[in-house]
Amino acid sequence: MLQLILTGFSEVVSPLTVLLIAGGVLLGIVFGSMPGLSATMAIALCLPMTYGMVPINGMALLVGLYIGGISGGLVAAILLRIPGTPSSVATCFDGYPLAAKGQAGKALGVGIFFSFLGTIFGVLVLMLVSPLLARFALKFSFYEYFAVGVFSMTMMAGLISGSIVKGLASGAIGLLFAMIGAAPIDGLPRLTFGFHALDGGFDILPVLIGLFAISEILKSARERNAKKPTLLQDFKIKGFGFTFAEFRSQIFNFFRSAVIGTGIGILPGIGGGTSNILAYSAAKNGSKYPEKFGTGIIDGIVASESANNATIGGALVPLLTLGIPGDAATALLLGGLTIHGLNPGPLLFDKEAELVYGIFAICLIANLMMLLFEYGGIKVFARILLVPKYILMPIIMVLCVVGAYGLNSRLFDVWAILLFGVLAYVLEKFSFPLTPIILGFILGPMIETNLRRGLIASKGSYLPFLTHPISAVFLAISLIVIILAARKEIRAAKKDGKESS
Amino acid sequence: MLKKYQDVFCGVFLILLGVGLYAMSFRIKSVALNLIKADFFPRLDAALFVILGLILTGTGLSKARHSQAEAADSVPFWKQDATVSMLETLGLIAVYIALMKPVGFVITTVLYLIAQMYVLTPREKRTGKNAVLFAVISLVTSLAIYLCFTRVFYLMLPAGILPL
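Line by line, the protein sequences give chains A and B. For what it's worth, the working numbering labels the leading residue of the first sequence as 1039, then goes sequentially. For what it's worth, the working numbering labels the leading residue of the second sequence as 149, then goes sequentially.
No lab work stands behind these hints: they were computed from the structure. From the three backbone atoms N, C-alpha and C, an ideal C-beta is built for every residue, glycine too. Please note that the accuracy of each hint is not assured.
To be verified - Per the computed footprint, the stretches of chain B lying under chain A, defined by three or more beta-carbons under 8 Å from a beta-carbon of chain A, are:
1. 190-199
2. 240-249
3. 261-272
4. 289-295
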């Protein structure tokens, strides 16, 4: 283990790799700070740059962006009361009130430091859990992969915030787009309407760029004449901004939030956008002084920022061990690995151990850089918030186009990002969540392929899906999740009916 | 009106999508190895759409019945400023993609950037000084992206009519 970790570090100590991590973290923080730009978008836009790099350098850039992007969201949350990314929604609740009291330096200091600790916690869990899980997953056959796919789909549907019906419908839409192109096993084209450009199906990158970047650009177009919030610019930051006694009072809160964050990260389909809010409400409910939450106490900032950064390490667990992304950003990392012919899964830990441990090392280095850059450059990042959207968004659009075109050097993929952008825009207008689309898109083929392969292996019998113990357990949990989710939905509907009548 | 029956519209749309997908699934050719063929998952998905559509329509109708009739917007949504600028943006992007291959990346990108920045700029900020700024930013960004991606990251971008 220690040997492998050292190998991992030796993989990434080359000047170029370190430079790429630094660049990724810096750019990530910028994307994270700007409301409307997110870590997911930063990774999508930079993915094309990694096509020509060796895998470890590509991952250095992408993981740097991921860590910088998730943490960077706190800048706008505290100084503008607008979350820079969905991961820092709960940071606004106490971060902005504290900053408004003239203690912006303290709010930022606490946020940055606990972001750092949160990431370390998540990455340590990743380093301990994923090799074990990978060894366990080596025994998986078609039956187990099918069951894990079904389990992931139901977890996503059951845990998504808002309407479960709409969440499931989004998943079904993702499934639909995944089916376009060659069918698994027999390779026959389906639902292509005779367009040969569709024979290969949609690539994940255009789908993600469309869903998470183009739709944001269309949304920002709507806000042309909207009122601008005021930015708190006068602040000082001394040391970390908080005392040791304050730090000690937050240790329990930190661990609870980090555990929530890592756990949410491991579960497929939900990421930092959910974990920060869950951790915040857990901190509030468990606190001796819940009435103070929302007035600008550091407990709220600690909960939100520890949780969203701990999610990073958690989200990488299912990605690396099973090839199932934990959230939208890791779905892109999946794309970044497969473009080099690397298929995440238990075999990756065997065949590409240097790369896997290299990724762990990158996480830790990127996290340290995030701490240094954010403390050192906080004034600059605050300034970046003043760059007008009308200059920024068009440039982002051009980068989206370049990214999509660069994939296969064809305009078809560029039209695809526009299609998915419009789709996401319309779906969001009708309050359908977007992440289940990605999950459906990735898990659909996994479920179908393994179901059909399993049935071929078992000569048409469904029994092995239930008699293989791991498969049976996952399917049973899925069933329970569905029943619980349905019960919750029915209760909510009944309550709704009673209240409005 | 649109807002009140939002879920009903979505539900009906999902049902139609499911029915359409089911009809399409009969045109999928497949090799029969066992019960599960290439048309099985499309049909499963179609069934899912219909079921979810029915639930959404049902809950949407009961929600609409209970909700108070809301006052209609004074300006229809397609005439609102926000919608207009969104549609302008959409149109610009479509023209940009359509012209990229014949004209080339650099020229279309400069023109797109200038037009898009103009569309997104609030009216009171559309000054002569800003116009010059937009033109300069567009030219520099476009050239920088083209050179950076073609020379450093080895991506092909349409050169078009410029001899770059």
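Results for each hint:
For the stretch 190-199 of chain B, the stated coverage by chain A holds: 4 residues have a C-beta nearer than 8 Å to a C-beta of that chain, and at least 3 were required. For the stretch 240-249 of chain B, the stated coverage by chain A holds: 6 residues have a C-beta nearer than 8 Å to a C-beta of that chain, and at least 3 were required. Restraint check on the stretch 261-272 of chain B versus chain A: 8 residues with Cβ-Cβ distances below 8 Å, three needed, restraint holds. Counting residues of the stretch 289-295 of chain B whose beta carbon lies closer than 8 Å to any beta carbon of chain A gives 3, which reaches the threshold of three, so the coverage claim holds.
The structure shown violates none of the earlier numbered hints.
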